[in-house]
Each structure stands twice: as structure tokens, then as C-alpha cells.
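S.K.: Given these sequences and hints, build the entire structure.
Protein chains in written order, with the working numbering: chain H, 458 to 861; chain L, 458 to 861.
Same chains, same names: a pair is fine if it fits in one copy or spans any two.
Within a straight-line C-alpha distance of at most 30 Å, the following computed BS3-like cross-link-like pairs (lysine-lysine) qualify: (1) Lys464 <-> Lys802; (2) Lys776 <-> Lys753; (3) Lys816 <-> Lys464; (4) Lys542 <-> Lys695; (5) Lys816 <-> Lys695; (6) Lys469 <-> Lys542; (7) Lys802 <-> Lys858; (8) Lys802 <-> Lys816; (9) Lys630 <-> Lys858; (10) Lys858 <-> Lys542; (11) Lys703 <-> Lys472.
Keep in mind the hints are simulated off the structure, nothing from the lab. Predicted model, so just to flag it, every value in this text is computed and none were measured.
There are 2 protein chains.
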Amino acid sequence: MDFDVIKSLVIKGEKLGKIVLLVMDGLGGMPMEPGGKTELEAANTPNMDKLAVSSMLGLHQSIRTGITPGSGPAHLGLFGYDPLKYEVGRGALSALGIDFDLHDSDVAARGNFCTVDEQGLVSDRRAGRIPTEICEHLCDMLNEKVSIPGVEVFLRPVKEYRFLLVLRGEGLKANIAETDPLSVGEKPLPATAMDQKSEKAAEFAREFVRQAAEILKDEHPANMLLLRGFAQIPDWPKFPEIYDLKSIAIAMYPMYRGVAKLVGMVSPAAAHDYEEEIDMLEENWDKYDFFFVHIKKTDSYGEDGNFPAKVGEIEKVDKLLPRILALDPDVLIITGDHSTPALMKSHSWHPVPVLFYSKLCRPDNVISFGERACTQGALGGRFPAFELMPLAMAHAGRLEKYGA
Amino acid sequence: MDFDVIKSLVIKGEKLGKIVLLVMDGLGGMPMEPGGKTELEAANTPNMDKLAVSSMLGLHQSIRTGITPGSGPAHLGLFGYDPLKYEVGRGALSALGIDFDLHDSDVAARGNFCTVDEQGLVSDRRAGRIPTEICEHLCDMLNEKVSIPGVEVFLRPVKEYRFLLVLRGEGLKANIAETDPLSVGEKPLPATAMDQKSEKAAEFAREFVRQAAEILKDEHPANMLLLRGFAQIPDWPKFPEIYDLKSIAIAMYPMYRGVAKLVGMVSPAAAHDYEEEIDMLEENWDKYDFFFVHIKKTDSYGEDGNFPAKVGEIEKVDKLLPRILALDPDVLIITGDHSTPALMKSHSWHPVPVLFYSKLCRPDNVISFGERACTQGALGGRFPAFELMPLAMAHAGRLEKYGA
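M.R.: Now the structure itself:
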């Protein structure tokens, strides 16, 4: 469904229903052995189970069946954007991930420091996975020495050999082919504009690469760099305007505040722990209509393969639930952005459990919050994540009837 | 799925399976208190429950997730038309609702009688909600006095301050902006054509408004009128041709006979009660292939917030079921067009229970007809209403195999 349909039905006004979207990153899990329980099933979650009795349950997919989501697209799905239609370039995501304040006409790219041989052929695309400190040092050096008339150049370290490049100037466009040949033994490719409008930025990128090659030539092993994923802040309909919701993102990590800001939410400050996240929720309750609250460590422990620690994080969140419910939200959605089963130590394609609570939701027969239970819920076992926002809007009393 | 696909598969011929679509308007409900039953769950429906044993169950959505349907779009969904693709203008719906026989090139608009002050600024968009009798009187007066060369003008009272305007002439098109400024303290807007083809009708509309303002100027409080939702009968593929089904609509109220006629069904006469509806079904059994039977009062009592009366209507319909089954339909679908929970006293977005009976349907494990039970049915808990017609056609033995 097009945003135009939703927008045409949105009721505007003060004092309409408030919506909380509580995202436990990587919530969905797997049993560690056949017949076992998932992380969520194993967790002792008396508050969520009690809430399940008067909620609708189900499992969402943030992209499509079988597709493992990255964090950016997964969150876009939760915010109501079909991630296959609304693609964020890697460069822009990279900027979000390190809290770089990307401007509208900036062109961002993900970079790798790499090693080239005497003929200029790539011999290691990751420069021996140099430590982050070296990456920081090299970025500092490039920030100091690179100078291109007509454009500001920003280098920022990301992790190990990875960095962010931002070109800031007038009228730049980012449809530029990557310079990474993607295999060793080949020369880095020139940054080539894929359309007329991107020619100016491509020219700047080529000049940047020329200067960087000169500056880095005596470094070892990182004596060159490769650029990928040229991108800009997308020009999308903004979340607060589509839904007429004053919207705030409460999160501990830049990536999640960033993707929320990308769609127009505000995110005044990073929280330091879960308690502080709920403090921020309470403090801002009267000022906003929509609250995105992000819990990170469920995913981190999933990535580590640490089943009990992921269970522990879910239980911590369960203990915070009474504070959220005390605010009396009109809609409370508890879910994840994707699955990160400790068994797999990675994101996965498995559908993500959803608990959808509202006084106006028609309850189903599910009385606990877990993957198996959710397959029997009223929301169904594999529904598109982008249906959550229209549902939330309906239950918050914020949508008119369609047609007469 | 496109109608072209279905059309290419339709088997033509005599003596193929017969389909009954029994629509209890606003059937879907909600518990009045946490832990309670919905209207359908509370109703004593031994015949439907018995039929559920050999049926497929589920819940449909006639528009999309979270969207509350109006009656027009909701019925279009049941007839297999995606309501987001097949939009009926408000003016045309208004004509259907009062049984006005709209011709193909007629332009219809919804009107409000309103009040303007001495400067011609709107002071009350609803003219103090004048009673229907005054509306009738004003329409009569306008019908008598308005005279515009080249066009016939029809005014019809709807309810209170609302009326229908129809312009009948050659080559009229309805892409015309509304004259309602939508707020008080402003002048009515001129009827402006939004494309070249609609200029002629817009000119007639402006002349109508000019004459009407003169005729009404000494009335109180309805001394002016506003026009919205200019529309025509849409030029769509017709239901009987898409499916090759001789189709009849049996209903008590004009709106439902109207929307059925809009897609090409016949509807010879209005029924006066449920018994008479079933009489008409029996009388026409040999003459038609598809029977749309509409039950109104489930919705009316839902709108009134009268839970027990809605339950009572469902029970009345259950008692009529043996008469329908005695006709031995090849497919019998029992559902609603949308939900109208007595709790909410309005249409709602909640999915609508469906009982799909056919000798060829693969039964599921659901053995009663109710919202919670239906979430466990083979049709799923939130499927698009426009999938019902292809399913009905299949079970009636009316579709060829796709491909070899």
C-alpha cells in the first residue's frame, strides 16, 4: 500500500493515541538443540506473557520470505517502509552507523584501506585487516593533507580497515560506480559517474583517490584505498509527515538513532543503559506521539553465540515493561528488527515474534510470547513488517475510514 | 491477480456450479470486556458451526491491514475488485445509496446545504443539521426552479442537510474540484474543472450553484449549498463478464443493490425482510449462477452499540441456513463486508470472519464459526477479500488449469 493512501486517511489533531515501538534487536532465535527452546521461549517473561493475553501475536518479516535483513532495512520495515522499495545506500548507512551528520547534498562512500603491489595491482583488499587505531591514524593524515578546490572532504574511521568518505559540495549526486575490483591481482577501478548529474562528484572522487594514493604510497600494508556504495541521504517521505506523528527515537547506538533520523524522527541524545532509555521515554511522554525504543544487546549476544546472555537481556527488558505500561500507551508493539539466533551467531531470515498490544485489539488465543506461540496468533506467522505501522495507526484511532 | 488471468481461465457453459455469497454487514466484532466473546462467538449458531466442520475458515481484509472500509469499497473487495485499484467516487456512491438510476455519462456530486453570512462567507457547513423534511423541500424547490440549457439537473434529498446532485447531458466528465472550502469563514469555491474534458460539466455546475444561491438566498438557515465528490459510473470490467456468471443481488437497502448493479449484477427488487430474501433466492435459483445475499441489520446494531441485538440478527440468519443449504449450492460463503464491533459503534479495520463451504473444500480443524476460531483456519487470519472470488470459481468447477 502506497503512503498516499495512508496519508489521505490520517486524522490530524492533538491528543490522539500514543504508540510505542519497542525493538529488541535480533530478538528472534532458535533452539540450541532439537526439541529445545528459543531464547525468547527460554526467557522468564511474566510481564510479556501477561500482556500477551490481551494482545495479538504473530511473526513479521522485515524484507521478504527467506531474506536475512541488515539492520538498516530491517528498521525501515518496522517504520512502514518497504525495504525493497526504499533502499538506503551503503555509504549513507555507514555515516549513520558512526553518527556522522550527513547533509542533504553530501555524497558518502564506504572505504577500505587496501594493499597494492609495485604495478598498482590490489594484493590485499583489506590491507591485512589493520587495527582500528591505524585506520584512525590514516584517516587523520588524509583529512589533513587532501585538498580539492570546490569540495570539502571528510574521512572517518569505522572499524579495522573500513572508513567513511564524505564529499561535501554544491549539487553533488552519488550515482557512481565502485572502485573496488572485488578481486586481487587487478587495478582499482576509476570512480565512474553512471549518469550526467553525478559527473561532478565522480571527478572529485577520482581526484581524492589520486591524492590519497600519493599520500599513502609509503605506508605499509595500507598503501591504497578502495571506495564502494556511493550514496546520499534519500529523498523519501518522512515518517512524522506520513503519519502526522511527533516521533522520537530512544537508543544507545548511533546506527539506530541514525536510521530513525533518516526518516525524520528526532533523537536528542544517546542513552547509556536500558533504565535510562525508559527514563527518556517517561520524560518525553507528553511531548511526542510515537516512541521508538531500541534495545541493542539481544543482538550482540546473539552474534556472540551466547544463548544465556541473550535470554538474560530479554528478561531485563521484561522487568522494565511495567514502567512502560504505567504510561498507558494506546499501542505497544514489542518485537525485533530481525532474528539473531545464538545458534547461528548471525542475523537470519527467520520471522520475528511480535506482541501487539492495544485496548482495541481483538485478542487471539495466544497467552505467551514466544516463536512457536506466535505462529498461532491473529497476525499470522510471516506477515510483512511494513504492515505494523498501519495497524498501529488504526489502533491508535488515527485513521479515517476508506470510502463511504 | 489481474482479471485477465481469471478471464482466460473461466470455463463457459451451462449447468456449472452455483455460488452463494451471504454477507452479514459489519459481521466482525469485539468482546465488550477483556476476556469476553465477540458478537459472532456469543451467538448461538448451530447450523453455521455444523457447516464449519466441512468448511474452510479464515478472516479477510477488504482493503488492507489497518484500513477501515466504507461499505462501497468493502463490497467491491468481496466481488473480487481490489478497492485500492477500483475506486468509486463519492457522488456515484451517494446515487447508489438512494437508488438513483445513474446513467453512464451522468455526473453526480454529494451536496450539503449550508449557511452563508451577508458577505457570502460560510458560517455553518451543515446549515444547523436541518431535518430531512426541509432538505426534501429545498430539493423540490431547486428541481422546479433551476433551468440550464443543455443539461438536465436532478436534486435528491439524502439525509438531514445532505443531498445528491446529478447533471445529465452529452459528453460530461467529472474531474471537478469540490466547492466546499471545508472550513467556516471562507467563501464557497467555484466548481473548477481539473482537466479539459470536464470543463463542460464544471460550467454547468457553476451555473447551477449561481441559480441555487439566488433561489435559496432568503431561506434560513440553509441559504446556500456546497458540492463535493463529483463522480461518474466507473468504466470497469463487469462482474458477470469477468466470471461468466449470471449474477443477482438480493438486498433490502439501495446502497447494496446499487454497488452490485455498479459491477453489472441485476437486482430486480428490494426485499423487505430476511425471509423474503431467501424466498427470492429460491425463486431465482434456476435462473442465475451467482447470488449475493445481503443482511443489513448486523451492521446497524453494531453502529448502535447494541451487542445483544447484533447477536440476535446473527442467530436469525443461522436459522435461515437450512433453507439455503437445501438448494445445494456448490459454494456458500458466509462472511461480512467489514467489522462493526458494538464496542466501537462504528466500522473498524478488524479482519472479518469467513466460512467457506463447498464439497470440494479441504476442511481444516476449525469446528465453529467465530473470530478466534477463524484465526486457526485454512484461509488464514488476514487474507485479501478479493481472493474469495477466485477461490469460489475454483470450487464451483469454473476455472481451467493454468498452463499445461
